[in-house]
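Chemist: Dock chains B and C against chain A, hints included.
Residue numbers (this note's numbering), protein chains in the order written: chain A, 1 to 283; chain B, 1 to 283; chain C, 1 to 368.
No lab work stands behind these hints, which were simulated from the structure alone.
Glycine included, C-beta positions come from ideal geometry on N, C-alpha and C.
Don't take every hint at face value.
What the hints assert, rightly or not - One side of the interface only, derived from the structure: several residues of chain A facing chain B at Cβ under 7 Å:
no., residue
1, Tyr-20
2, Met-42
3, Ser-207
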Amino acid sequence: MVSELSKGVRLSRELHTIRYILKKELKLWKRYPSRILFILIMPFLSILTLYFQGMGLVGGTQSSEFESFAGTQDYLVFIILGSAVFIFVSTAIWGVGNSIRREQMMGTLESIWVTPTSKITIFVGVALFDGLFSSYVAFMQLLISSLILPVNLIDLRLFVIIGIAFLLIFALYGLGFFFTGFVLIYKELEDFTNMITSAIKMVTPVSYPLSVLPAPVAFIALFIPLTYALQAIRKYMGVGESGSLYQYLGLLLVFDLIFLVVGSLFFRYAERSAKRRGAIATY
Amino acid sequence: MQPIRDISVREHLYPVLSIAKYELIVSNLRYPLRIVTRFVGPLLWIFPFLLFGKAVLGGTDSATLYELTGISHMPTFILVGTIITSISFNMLWLMSFAIRLESFRGTFESIYSCPINKFTFFMGKLLASVAWSSMYVVGLLAVGIFFLDAQLVWSRLPDMILDIGLLFLAMYGFGLTISGFLLVYKESHTLIHFLDGLFSLIVPMAYPLAVLPLPLQKVSLMLPMTRSVLSSRNVMILGESIFEQGGHIAVLLAYIVVAIPLGYMFYMYMEKKAKKKGVLHKY
Amino acid sequence: MCPAQLGFKSLPRRHIPSQKTFIGSEAFYFVKSGDDIAIKTNDLTKIFLRRNSLMSRLKKKKKIEVRAVDGIDLEVHERELFGLLGPNGAGKTSLIKLLSTLLLPDKGTASVNGWDIEKNSFEVRMSIGLTLSSERQLYWKLSAQENLEYFASLYLLRPSEIRQRVEDTLELLGIADQRDMLIENFSSGNRQKVALARALLNDPPILFLDEPTIGLDPSFSKGFRKLIKDRINKSESKTILLTTHYMDEADQLCNRIAFINEGRIVALDTPRNLKRSIDEKEIITLNLTKASDAMVSELERLEPIHSIERYVQDDSNFMKIYTDSASSCIQDIFGILIKHGSHATYYRTSKPTLEDVFIKITGSGLDG
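For reference, chain A alone in the conformation it holds in the complex:
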């Protein structure tokens, strides 16, 4: 006999499920302690790379030329902030899309797919986890950078930075949906994910201001919400950027919404197509 669940009951059950997903994800991470270490170290390595490059080119952490592009001389703070925000993006790309892939590898995907839990719940759970996890990693980034490099970013403003970065989460959801759809259709994803991550990093003002990019490339950046999150945060921290904080935040939310809609539509299409071809389990 199938019992009818009222909407309220169902919602509370789904919320319950989210809690379990958070628990499961945390457990999975705990199984791989070295992976957590890795996640903490990797973004810092990319900050170091640019720091070394800057040292090799101008011999210090200030550059007057940089000011003409970015509105600040301090390129090091500029890239550290960029890198901290970018953690949210890479976790989302690697997170949701990758978690599907991981489940495929473990053969659990089909068994999850057949449960009555709404897929939205699964994504909310995983994305929420990724959001919290990213906040932690981003926080640690700023901490490590302040300890090792000649900058000091440890003060209360940190929470606002992470708060703004957290606003990215809706867009990242959308991106996550998009990537999950991609996994369902193309399966072999690792190389491609790497490429997209680098591509996004390249066209958005993560490590350098938009103004150094050739105009057509910079134009692409205007359609990526990460750009606005970065600009809002830098504006707030007083590191360059000329527009108003609220304008950046507004644009961020608008693109959040667009990404979410487009991403989930694509996911639905991909899921249907995967089911038609019976491709959910093959990878």
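Modeler: The following block gives chains B and C in isolation, referenced to the frame of chain A:
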């Protein structure tokens, strides 16, 4: 007891071609996205460094860089670094990383139960890597000529090719050693990405070696990639002869003479250890 | 054709090259050898050390020793179809992996085709074909033909012969028409056939098949078993060592069977003899609502009953009663059950099967 077939040298060598063929053609044809990443990869690698360099310098020439290396044109400096590092990393991936990653597909044990010699097996991977790398060299040089106004001493091209040839053989020994390590390490997936990140940081691709902290410089100088980057710059940008690169060439030769046999022995030792511990199939 | 089929015997390589005979295009070493033992193990032991979790690692708890293979002595004859039968985790796969040089033993020795698995691993690998139960032992993105050609080169086949050999194995297993299909599009059954084809590529005298029919549907399994028995074992004269936890499979296929439990061989004989080892003519299987010791001892006092095995399967109490004649004691049995407040939800009388033998020897079923 049943008879064992006598194997000729030619039959021992044929798998080299076969492995290279599958690595190059078949496996790439089946993963269309992978081809794209393989081609776009080096470009995504080089451009962020160029763009950041531009943002910090406001132009292409750096006095600090000239002081440290005798080279002032930043794009050329990075171009040569990228050529060598993309070759070495392609090789490291094909020889060491991809093989380990293969293990989770379950084909690893199938390969292990074949009578083929591991030396031959890695030779096949090496050959595939040579083919990819040749393409990278040509492609990146073209980018250098058409987009970066690269200031190269073309008469030294044969010297650089010789240098790259040595790098290949040196990387063979290096790759064998790394493969050996990866064989018994359970979370090799993480280790692979960590090594990838670490080598990208300490191999002076986008900055002079001198900006690294001293201990890192020392480690970096032990890597064949670093030696090849440094000597290639001297040759292709400063116009020195390959025979003037005594120290660098000596290290590369040492890798060829010492690391190939030792690396092979080490690999076989680690393989034995893995078989003892029963972790051959673990990913 | 493999010269083995012509009745030649060969000697270990160290005795050559005094005699080198050429048959067809192939060079083989032939010398006389007294026995016809294809696989021989001597006190073969494999111990794994397992640590449970991170916490126990931090607390420096002692590692747990798991004796996956525990002092196994085994002799498999040439052209024999030999079965290793046991529940999951009994050590069957570890034994196969030891014999196919994927694992190194901690103690004891073994030889395959006369070659020592440690000292002559190359010759061993030249002499064997292996299929594992993993679905992923082939490249899913390559077609059957591409997979086979690739592996043929890894088996060091002569380049000029690879195509023909791949063709022959595909033909032999009846999958020639699917040669260009990607492995990911194969049914699991046919995927297993490709894996078998791969194992046959180098025409090895000995095959190791690890759970060859696991996950295949019954009708396909039946055909697949027939293929293994008739084509591979009989026509192609291959020695086959297979592992399974399906009783029927072992019963139908194997010349001899070794029961393996917790890394040890607990019985070894032909299926017929194993079944004969149970003297009782009939077995009554009961699924009981409850079972007490008092009830069992009372049942055991009944004249025609030889012995009683109790075991739990899927959380249910099962009882196997070994008897000369079920009809003569069934009334009494039910009487005793009722007296002890129990009743049978399931009841069956049968002739002894291999599973009964297994239960009798190990006291546990094959699924547990």
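Chemist: Hint by hint, say whether it matches the structure.
Modeler: To see whether the hints hold, each was checked on the structure:
no.	hint	verdict
1	Tyr-20	violated, 25 Å
2	Met-42	holds, 5 Å
3	Ser-207	holds, 5 Å
Going through the hint list in order, the structure does not satisfy hint 1, though it satisfies all others.
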